[in-house]
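Student: Residue numbers (numbering that gives the first Met the number 0), protein chains in the order written: chain A, 0 to 107; chain B, 0 to 334.
Since the hints were derived computationally from the structure, they do not count as laboratory data. All figures in this text were calculated on a predicted structure; none of them were measured in a lab. Errors might be hidden in some of the hints.
[Stated by the list, open to error] Pairs of lysine to aspartate or glutamate residues, derived as DMTMM-like cross-links and limited to a Cα-Cα distance of at most 25 Å, are as follows: (1) B:K228 to A:D2; (2) B:K105 to B:E89; (3) B:K228 to A:E30; (4) A:K101 to A:E13; (5) B:K124 to A:E13; (6) B:K228 to A:D71; (7) A:K90 to A:E80; (8) A:K33 to A:E69; (9) A:K14 to A:E30; (10) B:K48 to A:E99; (11) B:K25 to B:D273; (12) B:K230 to A:D81; (13) B:K195 to A:D68; (14) B:K251 to A:E40; (15) B:K124 to A:D94; (16) B:K251 to A:E69; (17) B:K124 to A:E67; (18) B:K124 to A:D12; (19) B:K143 to B:E86; (20) B:K47 to A:E80; (21) A:K5 to A:E30; (22) B:K204 to B:D150; (23) B:K152 to B:D240; (24) B:K228 to A:E36; (25) B:K136 to A:E107.
[Unchecked claim] Some but not every residue of chain B turned toward chain A, in silico, with C-beta under 8 Å: (26) I44; (27) Y45; (28) P49; (29) K124; (30) G157; (31) G159; (32) R187; (33) P190; (34) E212; (35) S249; (36) P250.
We put the beta carbon where it would ideally sit given N, CA and C, even for glycine.
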Amino acid sequence: MDDMIKVFVIDRDEKRHMLDAPTDMNMNMMELCKSYELPVEGTCGGMAMCASCHMYVQSSHDISERSEDEEDMLDEAFFVEDNSRLGCQIKLTSDLDGLEVKLAPIGE
Amino acid sequence: MIQTDILIIGAGPCGLFTVFEAGLLKLRCHLIDSLPNPGGQCTEIYPKKPIYDIPAYPSILAGDLTERLMEQIAPFSPGFTLGERAEIVEKDEDGQFILTTNRGTKHRAPIIVIAAGLGCFEPRKPPIDNLSSYEDKGVEYIIKDPEFYRDKKVVISGGGDSALDWTIFLAEGVASEVTLVHRRPSFRGHPDSVQKVLDLAEAGKINLITNAEVVGVSGDANLNALEVKHKTEGMMSIDTDHWVPLFGLSPKLGPISEWNLNISKNAIEVDTFDYSTNVPGIYAIGDINTYPGKLKLILCGFHEATLMVQSAYKRIFPDKNLVLKYTTVTGKPGL
Ligand SMILES: Cc1cc2nc3c(=O)[nH]c(=O)nc-3n(C[C@H](O)[C@H](O)[C@H](O)COP(=O)(O)OP(=O)(O)OC[C@H]3O[C@@H](n4cnc5c(N)ncnc54)[C@H](O)[C@@H]3O)c2cc1C
Ligand code: FES
Chain A
0 MDDMIKVFVI
10 DRDEKRHMLD
20 APTDMNMNMM
30 ELCKSYELPV
40 EGTCGGMAMC
50 ASCHMYVQSS
60 HDISERSEDE
70 EDMLDEAFFV
80 EDNSRLGCQI
90 KLTSDLDGLE
100 VKLAPIGE
Chain B
0 MIQTDILIIG
10 AGPCGLFTVF
20 EAGLLKLRCH
30 LIDSLPNPGG
40 QCTEIYPKKP
50 IYDIPAYPSI
60 LAGDLTERLM
70 EQIAPFSPGF
80 TLGERAEIVE
90 KDEDGQFILT
100 TNRGTKHRAP
110 IIVIAAGLGC
120 FEPRKPPIDN
130 LSSYEDKGVE
140 YIIKDPEFYR
150 DKKVVISGGG
160 DSALDWTIFL
170 AEGVASEVTL
180 VHRRPSFRGH
190 PDSVQKVLDL
200 AEAGKINLIT
210 NAEVVGVSGD
220 ANLNALEVKH
230 KTEGMMSIDT
240 DHWVPLFGLS
250 PKLGPISEWN
260 LNISKNAIEV
270 DTFDYSTNVP
280 GIYAIGDINT
290 YPGKLKLILC
300 GFHEATLMVQ
310 SAYKRIFPDK
320 NLVLKYTTVT
330 GKPGL
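Throw the hints in and build the complete structure from the sequences for me.
Tutor: So, in structure tokens, the structure goes:
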């Protein structure tokens, strides 16, 4: 299908999931993970206001840079690395086919 | 003991609106919230964001919505227990519920309404394995009394206002040594506070370690050292008496999960006839409940509150008949 890409999500138990992701529904990685019932909270609904969708981008895809809001919100995330992103700020577009992300650890 | 008709857990929009609908039926309400202010998510997460799907408000800031709700329920003089978490629910010999908070405040009511949203907002805890073994033994997630840190070595983590403000406060003659660890050189806090922290660091009054993160804790019975990972300089160790990680709040279901309610995926199952739970006398409305077709929206929570109080009324006064009266007919609300 034209409007579908495949992305890979490594969960906190190191399990790798292959997800079919629509690119014509204005979805982001946080929403995609939730729709597959992967453990991503998405408390703020995707407004870069809660840091509950912290993930690492493991593939070399070119994703738009972190906005200031996203950068600020990452201050409330743990183990932030150079490849850290808020999943809700990663828009699913056709150039992200093959994207691989890993869910960041969360405290109890 | 605080006595009321309807005890509401959670002062978010749905809990607040319950007071209005209950008030129309002459039922008194008391609200408990772990946050210091009412408004729930609207206050805690997005007070400055406009909401567009509140009927008759083409746009309203979440903070303003809370204010309007407070204004709307004021005539019914609800009681508030703020800054305390609803912890234990029991029943007394008269069949009334006794609810005790984490601070020991007791409340008594024939009806409990859980409007707990996504749960209690609690400090985010870093995912460090042995962290819990040092909680209250050197690791604290909130600063209750700054005197506690007098002449102690303290490390604070975080980049927001609370991290900055406490760093400044403790550095000014309270703690013997203050270190602020933050993941990047810039801070999202108030520019004045940022400047102050940079000045304190410049003057050697605090240790400011940026591009770094605490990744490990160690000690004997009490915490005595932190392992810090620096982006360019690698691992280092800091001796300290206390570590206060300040990474904001996130909601946790908390004690509600122990009240024998049917829970599925962190939400309380209810009957959509009246939003009652499996425990007679306990209702659940708003984001905390679940049923087929549930939508976590303020509008839907308002509707749930309205139907729920009718059922609550019939439980309290089984012999009385309720007749729906328009507010336009009853006139200006008040008890
Ligand atoms: C960024 C964002 C944008 C949103 N935008 C919209 C929108 O446009 N339209 C819309 O309709 N909805 C929106 N929502 C959702 C809306 O905010 C929620 O549906 C609404 O807040 C739910 O209200 P509530 O009263 O059920 O719970 P909450 O607002 O979650 O309040 C629950 C309260 O209960 C307290 N609590 C929980 N457990 C306990 C306990 N054991 N003891 C004491 N207190 C406790 C909590 O501290 C909290 O204050 C948005 C949410 C977010 C985060
Ligand atoms: S969902 Fe809240 S920051 Fe992404």
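Student: Does each hint fit the structure? Answer for all of them.
Tutor: Here is what the structure says about each hint:
Of the pairs offered as hints, the one joining B:K228 and A:D2 is violated, with about 42 Å between alpha carbons and a cut-off of 25 Å exceeded. At roughly 11 Å between alpha-carbon atoms, B:K105 and B:E89 fall within 25 Å of each other, so this suggested pair holds. A hinted pair counts as satisfied when its Cα atoms are at most 25 Å apart, and B:K228 with A:E30 does not qualify at roughly 32 Å. With a C-alpha separation of about 8 Å, the suggested pairing of A:K101 with A:E13 holds against the 25 Å cut-off.
Our distance criterion of 25 Å between C-alpha atoms is met by B:K124 and A:E13, whose separation comes to about 21 Å. A hinted pair counts as satisfied when its Cα atoms are at most 25 Å apart, and B:K228 with A:D71 qualifies at roughly 20 Å. For the hint pairing A:K90 with A:E80, the CA-to-CA distance comes to about 20 Å; that is within 25 Å, so the pair holds. For the hint linking A:K33 to A:E69, the alpha-carbon distance of about 19 Å falls within 25 Å, and the restraint holds.
Using a Cα cut-off of 25 Å, the hinted pair A:K14 and A:E30 holds, with the two alpha carbons roughly 19 Å apart. Taken as a hint, the B:K48 and A:E99 pair is broken in the structure, with Cα atoms around 32 Å apart against an allowance of 25 Å. For the proposed pair B:K25 and B:D273, the alpha carbon gap of about 19 Å is at most 25 Å, so the pair holds. Proximity of B:K230 to A:D81 is assessed by CA-CA distance (about 10 Å); at most 25 Å being required, the pair is judged to hold.
The hinted pair formed by B:K195 and A:D68 meets the criterion: a straight-line CA distance of about 23 Å does not exceed 25 Å. At most 25 Å may separate the alpha-carbon atoms for a hinted pair to count; B:K251 and A:E40 meet this at roughly 11 Å. At most 25 Å may separate the alpha-carbon atoms for a hinted pair to count; B:K124 and A:D94 exceed this at roughly 36 Å. Note on B:K251 and A:E69: the hinted pairing holds, with a Cα-Cα distance of about 23 Å set against a maximum of 25 Å.
A distance of roughly 24 Å separates the Cα atoms of B:K124 and A:E67; the hinted pair therefore holds under the 25 Å criterion. The suggested pairing of B:K124 with A:D12 holds, with an alpha-carbon distance near 19 Å, which does not exceed 25 Å. For the hint linking B:K143 to B:E86, the alpha-carbon distance of about 20 Å falls within 25 Å, and the restraint holds. For a cut-off of 25 Å, the pair hint linking B:K47 to A:E80 is broken: about 29 Å separates their Cα positions.
A distance of roughly 15 Å separates the Cα atoms of A:K5 and A:E30; the hinted pair therefore holds under the 25 Å criterion. With a C-alpha separation of about 14 Å, the suggested pairing of B:K204 with B:D150 holds against the 25 Å cut-off. For the given pair, B:K152 sits about 5 Å from B:D240 by alpha-carbon distance, which is consistent with the 25 Å threshold. For the proposed pair B:K228 and A:E36, the alpha carbon gap of about 33 Å is over 25 Å, so the pair is violated.
Taking the CA atoms of B:K136 and A:E107, the gap is near 18 Å; set against the 25 Å cutoff, the hint holds. With a cut of 8 Å, the hint placing B:I44 at the interface with chain A holds, because the nearest CB-to-CB distance is about 6 Å. Checking B:Y45 against chain A by beta carbon gives a least distance of about 6 Å; that is within 8 Å, so the hint holds. Annotation: interface hint on B:P49 violated; nearest CB of chain A at approximately 12 Å, more than 8 Å.
Nearest Cβ of chain A to the Cβ of B:K124: about 4 Å, under the 8 Å cut. The hint holds. Hint status for B:G157: holds, given a least beta-carbon distance of 7 Å to chain A, under 8 Å. Evaluation of the B:G159 hint against chain A yields a held restraint, the C-beta minimum of about 6 Å falling below 8 Å. This hint holds: B:R187 has a C-beta 4 Å from the nearest C-beta of chain A, less than the 8 Å allowed.
At about 13 Å, the closest approach between the beta carbon of B:P190 and any beta carbon in chain A exceeds 8 Å, and the interface hint on this residue is violated. Among the interface hints, the one on B:E212 holds; its C-beta lies about 7 Å from the nearest C-beta in chain A, closer than the 8 Å criterion. At about 6 Å, the closest approach between the beta carbon of B:S249 and any beta carbon in chain A falls short of 8 Å, and the interface hint on this residue holds. Interface restraint check: B:P250 against chain A, minimum CB-CB distance 7 Å, threshold 8 Å, status holds.
Checked against the numbered hints above, the structure breaks hints 1, 3, 10, 15, 20, 24, 28 and 33 and satisfies the rest.
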